[in-house]
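> Listed here are the chains, written in short residue letters.
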Amino acid sequence: MICSLATDNVKFTIFSLYLREIIKGELDYKDNVVAVINEAKDLTLGNKNYYNIDRYNYPIIVFLSSKVPDFFRTLDTTNIGNNEYSTLLKCIESQRPICVA
Amino acid sequence: MECQLLDLNFSQLIKAWSKSKHNVYSDKAKQDYHNNLKILFDNLKNENFCALDDDGRLKCNLILDFFFRSIEFLDNSTHNLIPFEIVECLKIALKDWIPDNDNKFIIVTSYVNNMLGFSFDPTLATNKDIYNCLKNRYNIEFTNKLIQINLPKYLSRDYLANVVLYHELGHFLDLYYNITAPISEELSATYSKLDPSEISVLKAYFPFLDDPVNLYQFFPMLISNHLREYFADVFASQYINSCSCKYLDYITNSDANCSLSHPSTINRNKLVEEFLIGKNNILLNKIMESTKIITNLSLQKRFDPIDGNDFMNLIPIDIENPEKLHSLFLLGWDFWLQGPKYFSSYNGMSEALKPGQYYQIINNLIEKSIGNYIIKVDWEKIKK
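Chains as they are written, first to last, in my numbering: chain A, -6 to 94; chain B, 2 to 385.
FYI, nobody ran anything at the bench for these hints, they're computed from the structure.
Quick caveat: nothing in here was measured; it's all calculated off a predicted structure.
The beta carbon of each residue, even a glycine, is placed where N, CA and C say it ideally should be.
There could be a bad hint or two in this list.
In silico DSS-like pairs for lysine-lysine, Cα to Cα no more than 30 angstroms straight-line [stated by the list, open to error]:
#: 1; chain 1: B; residue 1: K146; chain 2: A; residue 2: K23
#: 2; chain 1: B; residue 1: K46; chain 2: B; residue 2: K96
#: 3; chain 1: A; residue 1: K60; chain 2: B; residue 2: K280
#: 4; chain 1: B; residue 1: K154; chain 2: B; residue 2: K136
#: 5; chain 1: B; residue 1: K369; chain 2: A; residue 2: K41
#: 6; chain 1: B; residue 1: K136; chain 2: A; residue 2: K83
#: 7; chain 1: A; residue 1: K23; chain 2: B; residue 2: K154
#: 8; chain 1: B; residue 1: K96; chain 2: A; residue 2: K60
#: 9; chain 1: B; residue 1: K146; chain 2: B; residue 2: K355
#: 10; chain 1: B; residue 1: K46; chain 2: B; residue 2: K154
#: 11; chain 1: A; residue 1: K17; chain 2: B; residue 2: K136
#: 12; chain 1: B; residue 1: K96; chain 2: A; residue 2: K41
#: 13; chain 1: A; residue 1: K41; chain 2: B; residue 2: K293
#: 14; chain 1: B; residue 1: K280; chain 2: A; residue 2: K23
#: 15; chain 1: A; residue 1: K41; chain 2: B; residue 2: K194
#: 16; chain 1: B; residue 1: K247; chain 2: B; residue 2: K293
#: 17; chain 1: B; residue 1: K280; chain 2: B; residue 2: K247
#: 18; chain 1: B; residue 1: K194; chain 2: A; residue 2: K60
#: 19; chain 1: B; residue 1: K129; chain 2: A; residue 2: K23
#: 20; chain 1: B; residue 1: K22; chain 2: A; residue 2: K41
#: 21; chain 1: A; residue 1: K60; chain 2: B; residue 2: K293
#: 22; chain 1: B; residue 1: K194; chain 2: A; residue 2: K83
#: 23; chain 1: A; residue 1: K17; chain 2: B; residue 2: K60
#: 24; chain 1: B; residue 1: K129; chain 2: A; residue 2: K41
#: 25; chain 1: B; residue 1: K60; chain 2: B; residue 2: K194
#: 26; chain 1: B; residue 1: K136; chain 2: A; residue 2: K23
#: 27; chain 1: A; residue 1: K83; chain 2: B; residue 2: K60
#: 28; chain 1: A; residue 1: K17; chain 2: B; residue 2: K46
To spell it out: a stretch of chain A is covered by chain B in this simulated footprint if at least three of its residues, at any positions, have a beta carbon under 8 angstroms from a beta carbon of chain B; those stretches are [said to hold, decoys possible]:
#: 29; region: 2 to 9
#: 30; region: 20 to 33
#: 31; region: 63 to 70
Input sequences plus hints: build the corresponding full structure.
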């Protein structure tokens, strides 16, 4: 085949699209993004584990939590702004290990 | 993303849709889905791709891909093409795992020109973002999502080979619930701390663990890929016992080597056998525990063997319940492996049936038995 597009890759592509839209001030998908951020923080802090985090966004949550744990440890989820969304966007757009993608 | 390439993609869609728009389906859910595609097509016609920013173009690119994938499968799922009986069996199995299935998923099939071309394409079933995108951009709501299963064109009505479709359904449920992904994370993180006896079992099922290069470079990917296959095998065996092992053994020549994507056939069949006899090992335990924690359902035998007397008399079997329905495949395999000699003499034939004739009879008997069961269940629903 000419190329291979993993389903998780499409999820990451759409999640980065959501982040860019929020940064531009379009809030249609903000709830979806905030839900992922909350889950990633809970996973990082040990409040949740691999078995009870959201099943749909599982690959994104696990990836973010393992990639920037310190960011989630100190993140105030009641006060997320463009700086935080930009950090996550940079992270999500970086090259992922093949097992995650 | 250049808008000319989106225009190219949409031009390709115009050509494909000009044929697919005439599709007729046997059920309302598919027809509703098709009608939504019609509305979506009209919306796409009004898009000026060149006037969109990069993200707008990306969305349209994803939507065009969604549209193409939908018709690829719907084209092979029209009322006279879909392998209706096997799909009904898969729907019944799916209901065990997603009870509100009636309102959520449609199993569709696409035929491929490859005798080993059984596969599951997760794109449309496990990506709800694309549906959110369609709702937000065009206010089109797809209430059902497509579970896309590829199968070999020449085997669409082969009820012996098609037992492997239960394995493909297992892949869908694994991705839908993310059942094996946490095991992979857990094993990657704790492998070195495991008990030596557990490591020895894992090394038997994941032989690459002995290779330090693979261990460090590819461990997560290989573990993840192989776990998915092991899960799908165990999942399938709940319904079809070890039937798919026989076929897998044949098509892979009992391969003792694993690949990047699949464990060795020997290991796959061994795990299924251990599951079916209720033997414990760390791998099976992890798969079963994860399934239970995440879905609140247990991996267990979900077939109830049936008597083959009716088949011997060339009569379809009156199936009483789903467990017996799945058992039709076991019976089909038993008949096939027994060969046509006894069957032929029992039916007073002067000489034994040729394999091709016997093959046709077994497939017809299974197909009719499934068909009768579906009609019976529908009839009982109407009577209520």
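> All the hints need checking, so say for each whether the structure fits it.
Status of the hints after comparison with the structure:
| no. | hint | result |
| --- | --- | --- |
| 1 | B:K146 / A:K23 | 23 angstroms, holds |
| 2 | B:K46 / B:K96 | 38 angstroms, violated |
| 3 | A:K60 / B:K280 | 38 angstroms, violated |
| 4 | B:K154 / B:K136 | 34 angstroms, violated |
| 5 | B:K369 / A:K41 | 49 angstroms, violated |
| 6 | B:K136 / A:K83 | 27 angstroms, holds |
| 7 | A:K23 / B:K154 | 44 angstroms, violated |
| 8 | B:K96 / A:K60 | 37 angstroms, violated |
| 9 | B:K146 / B:K355 | 43 angstroms, violated |
| 10 | B:K46 / B:K154 | 33 angstroms, violated |
| 11 | A:K17 / B:K136 | 20 angstroms, holds |
| 12 | B:K96 / A:K41 | 28 angstroms, holds |
| 13 | A:K41 / B:K293 | 17 angstroms, holds |
| 14 | B:K280 / A:K23 | 47 angstroms, violated |
| 15 | A:K41 / B:K194 | 22 angstroms, holds |
| 16 | B:K247 / B:K293 | 28 angstroms, holds |
| 17 | B:K280 / B:K247 | 20 angstroms, holds |
| 18 | B:K194 / A:K60 | 23 angstroms, holds |
| 19 | B:K129 / A:K23 | 15 angstroms, holds |
| 20 | B:K22 / A:K41 | 47 angstroms, violated |
| 21 | A:K60 / B:K293 | 29 angstroms, holds |
| 22 | B:K194 / A:K83 | 34 angstroms, violated |
| 23 | A:K17 / B:K60 | 16 angstroms, holds |
| 24 | B:K129 / A:K41 | 23 angstroms, holds |
| 25 | B:K60 / B:K194 | 45 angstroms, violated |
| 26 | B:K136 / A:K23 | 15 angstroms, holds |
| 27 | A:K83 / B:K60 | 20 angstroms, holds |
| 28 | A:K17 / B:K46 | 27 angstroms, holds |
| 29 | 2 to 9 | holds (count 5) |
| 30 | 20 to 33 | holds (count 3) |
| 31 | 63 to 70 | violated (count 0) |
The structure is inconsistent with the numbered hints 2, 3, 4, 5, 7, 8, 9, 10, 14, 20, 22, 25, 31, although it conforms to all the rest.
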